[in-house]
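Between the sequences and the hints, there should be enough to build the whole structure, so can you do that?
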Amino acid sequence: MNIFDSIFYFCISLLPVAAIAAWMIRGRVHAQFRDTHWRSLPAHYGWYIFICMILPSSVLFLLVSTLHLLTLYSASGATLLSAAFLLTLWGGWYGFKNINPDLCAREFVESVIRYLLISAAFISILTTIGIVLAIIFEAIHFFKIVSFWEFITGTHWAPDDATSGNTSGMFGSIPIFAGTFMITIIAMLVAVPIGILSAVFMSEYASERVRNTAKPALEILAGIPTVVYGFFAAITVSPLVVKFADSVGLQADYTNALTPGIVMGIMIIPFISSLSDDVIRAVPRALRDGSLALGTTISETVKYIVLPAALPGIIAAILLGVSRALGETMIVVMAAGLRPNLTWNPLEGMTTVTVRIVDALTGDQAFDSPETLSAFGLGLVLLVITLLLNVVSIYVTRRFRSQYE
Amino acid sequence: MNNITATKRTKRRYLSERLFKGSAIFALSLAASFLIFFFYTMISQGLSAFSQAEILVDVHYNESSKKSYKKAIAKEHRSIVSRGWTRTLPLYMEAHPEVMGTTTSEWVTATADVDQYLKGKPNRLKSKDKRKVDALQKEGKIKLAFNTNFFTRGDSKMAELAGIKSAVIGSIYVLIVTILIALPIGVMTAVYLEEFAPDNRTTQMIEVNINNLAAIPSILFGLLGLAIFINFFGVPRSSALVGGLTLALMTLPVIIITTRAALRAVPHSIREAAYGLGASKWQAVFHHVLPLALPGILTGSIIGLAQAMGETAPLLIVGMMAYIPDSPGSFTEAATVLPAQIFTWAGESIRAYEERTAAAILVLLSILLSMNSLAIWLRKRFETRW
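The listed protein sequences derive, respectively, from chains A and B.
Take 1 as the starting number for the first sequence in the numbering used here and just add one per residue.
Take 1 as the starting number for the second sequence in the numbering used here and just add one per residue.
No lab work stands behind these hints: they were computed from the structure.
Keep in mind the model is a prediction, meaning the values are calculated, not measured.
Just so you know, nobody snuck in bad clues.
According to the in silico footprint, chain B covers these stretches of chain A (three or more CB under 8 Å from chain B):
no., region
1, 226-232
2, 346-360
3, 376-383
Here are the simulated EDC-like pairs of lysine to aspartate or glutamate, each with C-alpha atoms no more than 20 Å apart in a straight line:
no., chain 1, residue 1, chain 2, residue 2
4, B, K11, A, E300
5, B, K21, A, E204
6, B, K21, A, E208
7, A, K303, B, E17
8, B, K21, A, E300
9, B, K281, A, E107
Residues of chain B placed beyond 10 Å of chain A at every Cβ, according to the derived structure:
no., residue
10, N3
11, A74
12, K126
13, L136
14, F146
15, L175
16, I176
17, G276
Just so it is clear, CB atoms sit at the ideal spot from N, CA and C, and this is done for glycine as well.
As structure tokens, this is what we get:
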């Protein structure tokens, strides 16, 4: 019996016992409730007993399993279970002894709940810290092998040729980032004009009925899983691009950068259109009316009044779109190339940061091989860029809000 | 003179107005036509995988075919009947001794190449077999039947037998872990931040954190799962547990943000009325605010879970793209999920997998769309407008 078994046995044996005890106490208090003045409701006394019985052993389990996972200390499951049993008995006895009409059971129960809520809130912080630490920790291992300067300025990426002894010149990340930015730029060239113009149409021209069908329809595009977009790009769009390039006399690879760029652009349209739609509608009616009263056409009002007023919000939407495009994985894994390629030609195969991360971590290398660790180096750069973009977009949105609210 | 230039200018302005409006309509219809084109290609590619070629042949159940399963079927049919199916015959005979010594004519699964040939798709069927199939077709001994294997079998190296069952079950396991972890923690966090938290630096830090967490690319959650859950805590690789944990952390910010919005939509007068009747803060929240916010919370959680269900990238990193022919029996066994199955099939070089990939996509999309419509229906049905 290991620690986790003992937690399981605890849950199926002692939890019901505690629940029955709580129910009985509730009944006892309820029976005397009319005669004496109790400070809390009967249910609170029941919960009080329940917490007295469960809390000490839960804390014990948490402590021991943490120590066990950190490999600092380990107890046998049987010892742990009997200790938990004794603690539960002691807790029950202690709680039972304390129950009297003057006990502030509600305050006790509510403060325990409060701490429970606080600890749940801290998990989100722990997750962020976990991501940052996990990536930084492994990235440090990587930068011990490969110099950081070489990583960000080198133009040759060939992790397959690298052995743990000789890594110089094998881990230059510029071609990878060039591919990432190329695909992101193509995606934004597709998504930004279509997204913003659709938003303008929906908020300024369309009738309520058209708007109510167009907006959810666009949101379907956002709900399609990225692996499906990837398949669509690889099977349908890529041959079309190659055929089209052929017909105008150009040579295109099947893993060209244009295909994932276009498909990623389609994926990002709904983000940009729905965020821009919100900010365009947030521009006060009075601004539009003032402009239209001067005799401008709707398009002039949009171009000279509405869009400049909504600009910060639209920029925030575009930045969020960029950060999605940079971190998007499945489309590029399935439709872009594996080979790092430093070129300006979008019809050639290129690779991206996320492709290299997936490639490095789904192979069969040892976990401490330079190639595996390079995934964490790339991940670190990706994390820093997306966090920066997010911070900037939050700052821009906040300024926009304070302008009109 | 002046009038003429004025009319000219007005004309030009109206032209540019029409151009602008036209380009806006064009943009929206472009987006709509992407959507239509997308669904058209998926349906036209995937629909054919729901039927599968079957051949009427005599199956001989006897001792010699039990020893060598090939002998159960007449020699001329061996090259067009799925070997994956004949291979199961000895086990079947083991389990059903009463069939021994009989010969029955049955509809059996044909090979993937026969299937593709019948559907008029590119295939590698030999011309000798093509003639056999044509002859059988004239006799009515070959047909396209509903593809039950696709729903009742797991992944297979033989395209005609490959199905989505193990992937669907893996998806369900992963979703259960995700719900069990993300839903309580997310709702508790949101309740704390919205109803109890004092407005101080710690609270602001948690809020910034949640916003940042929502913006982190999903693949980095995979790196977290690999480095922390697998390497540090020793959770088994490619298990539903590690996948569910990773997706739970990814879904957490979505659930927190939507739950907070739902709680915020409950008007303050409700809380004050509860306080006025002597309720404590917790009683006001638990008895009054939370039930009123429940439709909003459910809607947001379902949308978040639908997102998690379609997610692939972090699961590839934690190893959930392994070849899994059998359904997982527990949370710690190696499992695969529907999107990962789509990814592995998309990488297969055999053409018969292509339509199966599209069919699996149709299944996934219909699950996700129905989850999302359920969420929208819930919101419409139970939402109170204040």
